[in-house]
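*Asks:* Sequence:
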Amino acid sequence: MASFLCRLGKFAFGRRWLVVGLWLAVLSSTLVGAATLSGPTSDAFRIPGTPSQQAIDLLRERFPQASADGATARVVFAVPAGQKLTDPEHRTAIERAVTELSQAPQVASVTDPFQPGAVDATGTIGFAQATYQVQGAELTEPARDVLTAVVETARSEGLTVEVGGDALLANPEQGLAEVIGIVVAAVVLVITFGSMVAAGLPLLTAILGILIGVGAITAATGFVDLSSTTPTLALMLGLAVAIDYALFIVSRYRHELALGRELQEAAGRAVGTAGSAIVFAGLTVIIALAALSVVGIPFLTQMGLAAAGTVAVAVLIALTLLPAIFGLVGRRIASGRVRGLSARDPEGDAATPSFGIRWARMVARRPVAALLIAVVALGVVAIPAADLRLGMPDDSTAAPDTTQRKAYDLVAAGFGSGFNAPLTVVVKTGTGLADGAVEQVAQSIQGLDDVATVTPSVINPAGDTGLMTVVPNSGPSDSGTEELVHAIRDLDGTVSGATIGVTGLTAINIDVSTTLGDALLPYLAVVVGLALVLLLLVFRSLLVPIKATAGFLLSVAATFGAVVAVFQWGWAASLFGIEQTGPIISFLPIFLIGIVFGLAMDYEVFLVTRMREEYVHGSDAREAVVSGFGHGARVVTAAALIMIGVFTGFILSPEPIITSVGFALGVAVLFDALVVRMTIVPAVMTLLRDVAWWLPRWLDRALPDVDVEGEKLRHQLDMAPTPARPSTDSDQRDQTSSRHLQPTGSRGNGGSSGG
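Numbering of the sequence shown is given in numbering that gives the first Met the number 0, commencing with residue 0 and proceeding in unit increments.
Calculated directly from the structure, the hints in this document are not laboratory data. Be careful, since some hints might not be right.
[As the list claims (entries may be wrong)] So the derived label-pair ranges between C-beta atoms look like this: (1) Arg-364 - Pro-297: 50 to 58 Å; (2) Glu-622 - Leu-17: 44 to 52 Å; (3) Gly-221 - Arg-488: 34 to 42 Å.
[Claimed, not checked] Below 20 Å or equal to it, Euclidean Cα-Cα: the simulated EDC-like pairs (lysine to aspartate or glutamate) are: (4) Lys-405 - Asp-119; (5) Lys-83 - Glu-94; (6) Lys-9 - Glu-264; (7) Lys-83 - Asp-111.
Where a beta carbon is used, it is the ideal one built from N, C-alpha and C, also for glycine.
Using the sequences and the hints given, assemble the complete structure.
*Replies:* Dropping the structure here:
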């Protein structure tokens, strides 16, 4: 693979204008597609085959006029203190609003806001429930416009009007979070390279990559239903990995120039060595994200494939566009030096030991103490993970200044939290038998715990299906509501000839959370198994993969613990702008496992391949750890800080889902890169010494040699004769301009695993 990538890098360097032109054409086509083909996104997290979905399918067949799977809009009306909704002027305004809404396009029905139970005890808060014939993603603009107009008209007549439900189009907005991430990345890159040009290349290619990736996802919304968070998650991950992958290639290219390589040769070697590890790291992320499809959850599959596609674009750009830009920039890659910052090769040796070398030596002197401190610290952070509760987003988790959240708060204040969690109970019977069976079911439900009220039932024209609404005492995210759903389903079979089902948005969210929770351990097992196989191929060792996988599991556990402590328990929640705690978004743990797995393997490969290379070259096992760690520590630290900056920038998002994902990914990189890989890895490798690289001979013969560190490539290139070419004035100028890149005290072995 390294030889092929070396040829690819040289080709891109030599055909730089062709490669740049092709990528610009791809960018243009995706942007045009995004502008002309995009469609609405959907926030409907539903899974075929779940009990709630089966109930919806039954209603669609026997009770289509109920529009059980249609979008809903709960319009909440409130009046100032001292006034009543039944005051003539307010009643007239509300009735006019309800009439206009009932005549809107795609509306199936609108409830009477003055019916019993729709106005609170004080007479100041009431609501009307509009049910649409189609799901939220299929609502037309005229239908949304009427809803907006009705609300604005009622507000102009002195009423407080807020709207909850999934009929509103509320896509996450991008802006400040991305800017913060890019600024942090720019600062870290400038400090790492000491050059504005070298620092600018990863940013340039990363921005191009996310424009292509997100543009393609946006265009795809015109053909498939995608969650509104899918583009943001792809953007978050794509931006981080694109900058990191480009950082590794640029760092390696400067290292090759510092060793005196000719420009095209340096580009080829950079792609052949660092590019090999990037391909491996990228594939691990792509495979882990694409493996979400085996869970069988459609919206999670879409998120995983969209994010995997963005990562694939980042890998391709790093392998092709970057060497092409090297050809355009030439030795000016070191231009724009920043005063006060070193522009030396970040991977090279120096007369003065770097911080990475000093840190590795300190860990190597006290490996047991360093290992225990790191493991105990992460173990303590992981303790809250034992209380992990999963849930799906609803109006209670919306941003505080949104109309959905305001509507939720008004209903909770006037009627109790349970009115925000209505359950639709479906009773299926034989023809003409529904009346008696439904009445028996209603009486049984009324006797259950946590039931606030059961509305009168409605029977379909065929008389074989009944429908009722059960209002719990607890809110949609409370454990009491989940227990009530299961208790109602347990009544199935207790009434002769009747089948009982529970659906509605609350029940759907509970089923989704349950399904995701059940899929968590199997998916983790798949990822762990994949990690062991891939690392066995890369390092040709039995103990290194086990050590790496254990570190990955430790960082994941600590991340879950931090997320539970902040978002579920509320510790330091105000620091992150979190005003309401609750269950963790259901898809976050499983999505997080896939991403952290890929990033962990990325840093593992970059650090440990250098250790292996030093060991193979004859260094003592302990010194190989110190030397290999020293060569990779600076770049890995820079890459980790960039990712942390990009991810944590999304904490400022007004969308709670994006906030939790940004926080989780940020602390995951912090734990894995700066604790596991920077402390636990050198400590364990020092303790294992030569045993770390042991592999049975039969297994060594059976495994293919993937040569991620590009050792065979370097041997081939170093042994090949260098063709003589006449020196030119331009060459003299290039050589003079690059002298500051020469590393002080270079060992001259020319080796670096890249990453």
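*Asks:* Output the indices of the hints that this structure fails to meet, ascending.
*Replies:* Going through the list in order, the structure violates no hint and respects every one.
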